[in-house]
Every structure is written in structure tokens, then in C-alpha cells.
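**Student:** Sequence:
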Amino acid sequence: MPRLAAGAGAAILTVALLAGAAAPATAAPGAAADAVSSAAGVASAGAAAAGAATAGPLAAVGSGETGPENRPELRRALQRLVDAGAVGAQLRVTDENGTWTGTAGRRSLGGHGGVPADGRFRIGSATKTITATIVLQLVAEGRIGLDDPVAGVVPLDGLDPRITVRMLLQHTSGLLSYSGAIDADGTYVPGIAGTLDELMANRLRGHEPEELVRYALDRPARFEPGTAWEYSNTNYTLAVLLVEALTGESYGQQVAERIVRPLGLRDTFAPGDRTAIPGPHAHAYYRFADGHVEDVTRMNPSGFAGAGDLISTTADLGTFATALAAGELLPSALLEEMRTPLAGSGVPVYGEYGLGLFVQDLGPGCGVVVSHNGGLPGYATLMYTSPDGATTLTGSVNYTDDATNSLAPEFIATTAHLTREVFCA
Numbered sequence: 001m002p003r004l005a006a007g008a009g010a011a012i013l014t015v016a017l018l019a020g021a022a023a024p025a026t027a028a029p030g031a032a033a034d035a036v037s038s039a040a041g042v043a044s045a046g047a048a049a050a051g052a053a054t055a056g057p058l059a060a061v062g063s064g065e066t067g068p069e070n071r072p073e074l075r076r077a078l079q080r081l082v083d084a085g086a087v088g089a090q091l092r093v094t095d096e097n098g099t100w101t102g103t104a105g106r107r108s109l110g111g112h113g114g115v116p117a118d119g120r121f122r123i124g125s126a127t128k129t130i131t132a133t134i135v136l137q138l139v140a141e142g143r144i145g146l147d148d149p150v151a152g153v154v155p156l157d158g159l160d161p162r163i164t165v166r167m168l169l170q171h172t173s174g175l176l177s178y179s180g181a182i183d184a185d186g187t188y189v190p191g192i193a194g195t196l197d198e199l200m201a202n203r204l205r206g207h208e209p210e211e212l213v214r215y216a217l218d219r220p221a222r223f224e225p226g227t228a229w230e231y232s233n234t235n236y237t238l239a240v241l242l243v244e245a246l247t248g249e250s251y252g253q254q255v256a257e258r259i260v261r262p263l264g265l266r267d268t269f270a271p272g273d274r275t276a277i278p279g280p281h282a283h284a285y286y287r288f289a290d291g292h293v294e295d296v297t298r299m300n301p302s303g304f305a306g307a308g309d310l311i312s313t314t315a316d317l318g319t320f321a322t323a324l325a326a327g328e329l330l331p332s333a334l335l336e337e338m339r340t341p342l343a344g345s346g347v348p349v350y351g352e353y354g355l356g357l358f359v360q361d362l363g364p365g366c367g368v369v370v371s372h373n374g375g376l377p378g379y380a381t382l383m384y385t386s387p388d389g390a391t392t393l394t395g396s397v398n399y400t401d402d403a404t405n406s407l408a409p410e411f412i413a414t415t416a417h418l419t420r421e422v423f424c425a
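All the letters of the sequence shown, read from the start, carry residue numbers 1 to 425 under the numbering used here.
The hints are simulated quantities; they were obtained by calculation from the structure and are not laboratory data. Possibly wrong hints are sitting among the right ones.
[What the hints assert, rightly or not] Label-pair distances were calculated between CB atoms; the ranges are:
1) P161 with P278: 35 to 43 Å
2) V153 with G194: 27 to 35 Å
3) R420 with T227: 30 to 38 Å
4) R274 with G158: 24 to 32 Å
5) A245 with G110: 44 to 52 Å
6) A425 with E211: 46 to 54 Å
Just so it is clear, CB atoms sit at the ideal spot from N, CA and C, and this is done for glycine as well.
Using the sequences and the accompanying hints, generate a full structural model.
**Tutor:** Shown next as C-alpha cells:
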């Protein structure tokens with residue numbers, strides 16, 4: 001049984017909380033895209049600093065909601081995020097009572113418009129669930145086996161022949177995340193883009209998937225394949241190369257053909273190296289170490305291919321999560337594989353990790369939820385569903401990110417509150 005990699009036992013996935021949570025001020029974009037950071041670091045990030053620059057003027061902004069019934073607890077949770085410093089937030093809940101949507105805050109700093117309830121956003125690591133689904137569909141079609149080596153399909157020098165498809169989707173390959181990692185003693189292992197400030201200063205720069213994977217292959221493995229668990233963006237960008245090698249089409253084409261069109265999604269796509277978010281959307285911000293704040297809505301997401309680059313909406317994510325849970329996208333045996341967590345993997349906040357999904361038992365009266373949250377600088381995503389797909393919770397927060405991710409403690413607390421409100425009797 002794989003052990004938990006050094007440092008991950010008390011870890012929180014930063015992008016699954018908020019991009020940049022608890023990353024050192026000198027940390028690389030692991031802060032912005034899933035570097036593993038200590039929970040203690042998040043807790044000490046400074047709740048007093050949360051929203052210090054924006055909470056005042058934003059707290060008074062009204063909220064909007066639609067749905068079959070009044071859900072004051074959900075409305076209060078949204079406003080709680082805004083009061084803590086988020087620029088704005090949107091939420092969608094579908095359950096036996098129908099679909100409820102709500103928004104709070106503003107779409108932009110200094111603006112007067114509210115957050116669009118159907119607005120697009122960068123979904124960050126929720127991308128991984130879509131990537132895993134596509135890979136598992138290829139497994140179902142017999143194009144590759146779940147326990148087949150990847151090296152036989154993706155021709156990259158230095159790729160360990162022991163690394164299998166399962167290991168990529170489960171984060172047990174041992175490949176260093178190109179976005180950085182943090183050891184048990186708090187030592188930061190750098191990623192490809194230097195500090196988070198550097199990543200944001202060069203946010204329009206593009207990357208090729210091969211470049212990102214090569215960065216990891218040229219550095220020591222974190223552990224022997226299959227012997228430990230550590231969250232790594234490299235696994236899912238390598239999965240992109242696997243998909244493209246098996247199909248002869250681009251990852252974006254496969255997202256469209258296998259997920260978007262069959263489900264009738266309207267606002268989900270792989271942007272490639274396009275820097276803008278088309279259509280209605282809220283804005284993301286980043287506070288640099290010198291204190292100045294920039295709008296970072298426009299950025300080149302190719303640096304997180306297959307691991308965090310997709311754009312979507314709360315409605316599309318809810319449709320996808322429901323369809324996946326209901327068995328519309330995968331055969332039952334592979335869906336069961338996907339939702340079977342590896343003992344000792346994952347993080348306390350979200351449970352243990354299967355294949356592109358976290359699985360968490362919320363306890364008596366609540367039951368099990370499956371999820372994959374995510375984010376990129378200035379955006380944080382929620383994507384939760386019950387195992388049968390009957391209840392979903394999807395959402396997005398747009399905010400001012402920083403190297404310490406000061407909003408993380410409030411986001412963690414609010415997420416826990418929301419999941420209990422939605423999934424517990």
C-alpha cells in the first residue's frame with residue numbers, strides 16, 4: 001500500500017482551497033496551482049489579514065438569488081466570503097427541491113456590477129476530474145489499460161517505465177509537480193516559474209505540455225512509482241500527452257467531443273493559450289509583494305494543461321458532476337475505480353483521493369460526497385456531488401490573491417459549512 005509522501009500527511013492542496021494558500025512568499029506557482037502546503041501554514045496565514053484591503057467597501061454590496069425556495073443559510077455563506085475579503089462569489093445548488101443560485105459581491109474591484117450568476121471562470125484543478133474521465137473513457141474503449149505503462153505510448157526520454165495510467169490519475173507516480181512542492185520540514189522545492197510574483201508578472205507567457213513534463217523528468221523523483229502519494233500537476237499534464245498520443249487529436253478537441261457535446265454544455269472549453277475569458281465573467285486580482293494590486297483575469301493557462309486550465313460555469317460543472325455520478329460517462333466498473341480512494345492519500349479537508357476525485361465521508365446524517373475543488377490566482381472553484389448525482393454544489397469565488405493567500409482560512413471554513421448545509425439531513 002503506498003504511503004503518504006513526506007509532508008502530505010498534514011497537507012492542504014492550495015489550489016483546491018484557494019490558489020496560493022500557505023505557499024511561502026518565495027514559492028513558485030505551486031502556490032497558484034496545487035503545490036502541496038502545510039495545513040498549519042494555512043491556519044497561520046493570518047485570519048486578521050483576510051480581506052483587509054477590500055472587505056469594507058464590498059461588505060455592503062447586495063446579493064441576488066433564484067430558486068424554488070429561500071435558502072438563507074446559503075446566502076449568508078456567500079456574504080460571509082465577501083465580508084472576509086472576496087470580491088464576489090456565485091453558488092449553485094441542485095437537490096430534491098430544484099436548483100438554487102445565488103451571488104454576492106461585485107464582478108470587479110471598483111465596479112458596481114454584481115457577479116453574473118451564469119458567469120464563466122477558470123476552474124483550476126476541477127479540470128483534473130474531466131481529464132481523468134477522458135482517460136478512463138479511453139481505457140473503456142480498450143486503447144490502453146489502467147495498469148499499462150505510460151512510457152510505451154508517450155515517447156519521452158527519462159519517463160520511468162514503471163509509471164502506469166493509474167499512477168498518473170491517482171498521484172502515485174512520484175513525479176515532481178512542475179508547480180513546486182513542499183517537504184515535510186517545510187522546505188520548498190521550486191517549480192518552473194519561480195516565485196508567485198514572477199508567475200503573475202509573466203502570466204501571459206505560454207507553455208507547451210512537453211516543456212512542463214520535461215521540467216519534472218529532469219529533476220529527482222519524489223519517490224519510487226507506486227510507493228507513495230503526492231499531489232502533482234505533472235501527472236495530469238502527462239495525461240494530456242497520453243490522450244493526444246492515443247487519439248491523434250488535441251486535448252481541447254477531446255474535451256469537446258467526449259464531455260462538452262454529449263452533455264450539451266454551453267460554456268466549458270479548453271482555452272489553450274488564449275488569455276481572455278469570453279462572455280460574462282467576474283474578475284480576478286493579485287496583490288504583489290510590494291503591495292500593488294493588478295487585475296489578473298487575463299492570463300495564459302497553458303502552463304497548467306489538463307491539470308487546471310479549463311474554463312466553465314457553475315451550471316456546466318453541475319451538469320458534468322451529475323452525469324459522471326449517474327454513470328452517463330463511464331462504465332460502472334471504471335466509475336467505481338474512480339471513486340475508490342487510496343487509503344492514506346488526500347488531505348483532511350477533502351478526504352482521500354481516487355482517480356481524479358476526492359472521496360469524503362461527512363459523517364452521520366450526511367454520508368459520502370465526491371469532489372474536486374480548484375482554482376488559479378484570483379479564482380477558487382467548488383465542485384461537489386452526492387454519489388448518485390442527485391445533489392450537487394458548484395461555485396466560484398473571485399478575489400484578490402496574494403503570496404500568503406490570506407483568504408484561505410475563511411474559504412476553508414465556509415466550504416465546510418456549505419457542504420454540511422447541502423449534503424446533511
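**Student:** Hint by hint, work out which the structure violates, then give me just those numbers in ascending order.
**Tutor:** none
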